[in-house]
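As given, the protein sequences belong to chains A and B, one line each in that order.
Read in order, the letters of the first sequence correspond to residues 71 to 153 in my numbering.
Read in order, the letters of the second sequence correspond to residues 1428 to 1781 in my numbering.
Keep in mind that the hints were calculated from the coordinates and are not lab data.
Please note that the accuracy of each hint is not assured.
If we take Cβ atoms under 8 Å as the criterion, some of the chain A residues that face chain B in the derived model are [stated by the list, open to error]: (1) 72; (2) 74; (3) 76; (4) 111; (5) 117; (6) 123; (7) 134; (8) 136; (9) 137; (10) 141; (11) 148.
Stretch-level coverage of chain B by chain A, calculated; a stretch enters the list once three of its residues show a Cβ under 8 Å from a Cβ in chain A [as the list claims (entries may be wrong)]: (12) 1478-1490; (13) 1511-1518.
Note that the Cβ used here is the ideal one computed from N, Cα and C, for glycine as well.
Spelled out, the chains give:
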Amino acid sequence: MRVRGPLKQMAGNASDHTIPGSTVADLLRELERAHPAVEGWILDERGRIRRHMNVYVNGERSSEATPVAAEDRIDILPAISGG
Amino acid sequence: MTELLVGTKKGLFVLEGEPGEPFEVRARAFAGEPVEYAMRDPATGRLLASMTSPFYGPKVWHTDDASGEWAQAEGMALPEGGDQALERIWVIVAGAGGSLYAGGDPGVLFESRDGGASWELNRALWEHPTRSSWEPGGGGLCLHSIVPWPDDPDRLALGISAAGVWLTEDGGRSWSQGNEGLVARYLPEEQPPEESTSLCVHRLHRAPLRPERMFMQFHGGVYRSDDAGSTWTDIGTGLPSDFGFPLVVDPADPDSAYVVPLSADTDRVTPGGRVVVYETRDAGATWEPRGDGLPQEHAYLTVLRLALDRHGEGSDLELYFGATSGDVFGSADAGASWFSVATHLPPVYSVTAV
């Protein structure tokens, strides 16, 4: 999993993390467990990915329930776009 | 020297200056991020700010140096696994017993007993049986006014848009409504206000020398209560419009209140292109315009509910307000005359005078 910007700082000042889990939600919860400062920054209290955060699995935009497998690459990006 | 904490759409600005002259920007924090509110804890001098990142959600931060590092407060979240998330923290207020209180959307109250480092949700309000009927106003279901009772930490009044006035006399263990006398023009006449939770309170303040007296800017109506918020009397006659958001009182005068009328809920700008603050010194029987030095031509400003504050009291009363235009104005003489504090700031959400 790769995080950037303030999330990198929250996650022990490391961009890349190898995390076990079978869904996107599993991985995000595991990231929170390893780095409690991340809690509330990607997932809200309901366990949902915040509205303006995007999670990509191997380049495909994904949801909390998206399955993940070993070697999958997860990118967490704020949804900065034009308009 | 007066310090102003100005929450804006693009960060927190700490202004400093002598009343009567333009202020200097002493510090800016959270550049680019919306800062709803900031305050300085009178007990510790610590600064607290609420910031809602559009990406990472609402957080409260604290620091002893606005230009230095800010630390994230803990516990500012709703219970996990529910069907609601914290949307925003609107306001932070020092209580009578050393606690700090924070109010937010969706109509939630938090309390901190360690100077803002950690927070705990008020469960009695969160689990109130009427909550399922609470409806949000245009700005969300915002708990924006927290009104302590001087020297009695058990008594507190809350203003929630659009869920009305809530009162506790047992330190927040139980809550009751205080809406009798309010008239909501947007509700059917058959619906008595004391039985409704759809009441759009815009701002509440208490007269500290006579704490059973409170003033309210409502969504159409300015009101006074002389029984600690149980019942309310309309005092809006004499204003050019009884719609508006902010309100302050002079702590030295229980008969005083200041409001900034806007044209109407359908046209939320200063009426007639003139910026005028209105003052009462007879508990709302009459209102006097206070616009000397404020823009009086082609000035269509919007002043939000937390963007008016005061510093000092009585003959030393200073008033400050900001607009979504990015202008901040001040008065060093209780509203008799006004000066420009700052121009060209981002849209102003809140002003706190320290």
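Each hint tested on the structure:
Checking residue 72(A) against chain B: minimum C-beta separation of about 16 Å lies over 8 Å; hint violated. Annotation: interface hint on residue 74(A) violated; nearest CB of chain B at approximately 11 Å, more than 8 Å. Residue-level restraint check for residue 76(A) holds (minimum Cβ-Cβ distance to chain B is 7 Å; threshold 8 Å). A hinted interface residue such as residue 111(A) counts as satisfied when its beta carbon comes closer than 8 Å to some beta carbon of chain B; here the least separation is about 5 Å, so the hint holds.
Given the 8 Å rule on beta carbons, the hint for residue 117(A) holds: about 7 Å separates it from the nearest Cβ of chain B. Checking residue 123(A) against chain B: minimum C-beta separation of about 6 Å stays under 8 Å; hint holds. The restraint placing residue 134(A) at the interface with chain B is violated, with a minimum CB-CB distance near 13 Å, outside the 8 Å limit. A hinted interface residue such as residue 136(A) counts as satisfied when its beta carbon comes closer than 8 Å to some beta carbon of chain B; here the least separation is about 20 Å, so the hint is violated.
Using the Cβ-Cβ criterion of 8 Å, the hint placing residue 137(A) at the interface with chain B is not satisfied: the shortest such distance is roughly 22 Å. At its closest, the beta carbon of residue 141(A) sits 28 Å from a beta carbon of chain B; the interface hint therefore is violated under the 8 Å criterion. For residue 148(A), the interface hint holds, the least distance from its beta-carbon to any beta-carbon of chain B being 4 Å, beneath 8 Å. Given a C-beta distance limit of less than 8 Å, the hint that chain A covers the region 1478-1490 of chain B holds, as 5 residues qualify and 3 suffice.
Figure legend: the region 1511-1518 of chain B, annotated as covered by chain A; annotation consistent (3 residues with Cβ-Cβ distances under 8 Å, at least 3 required).
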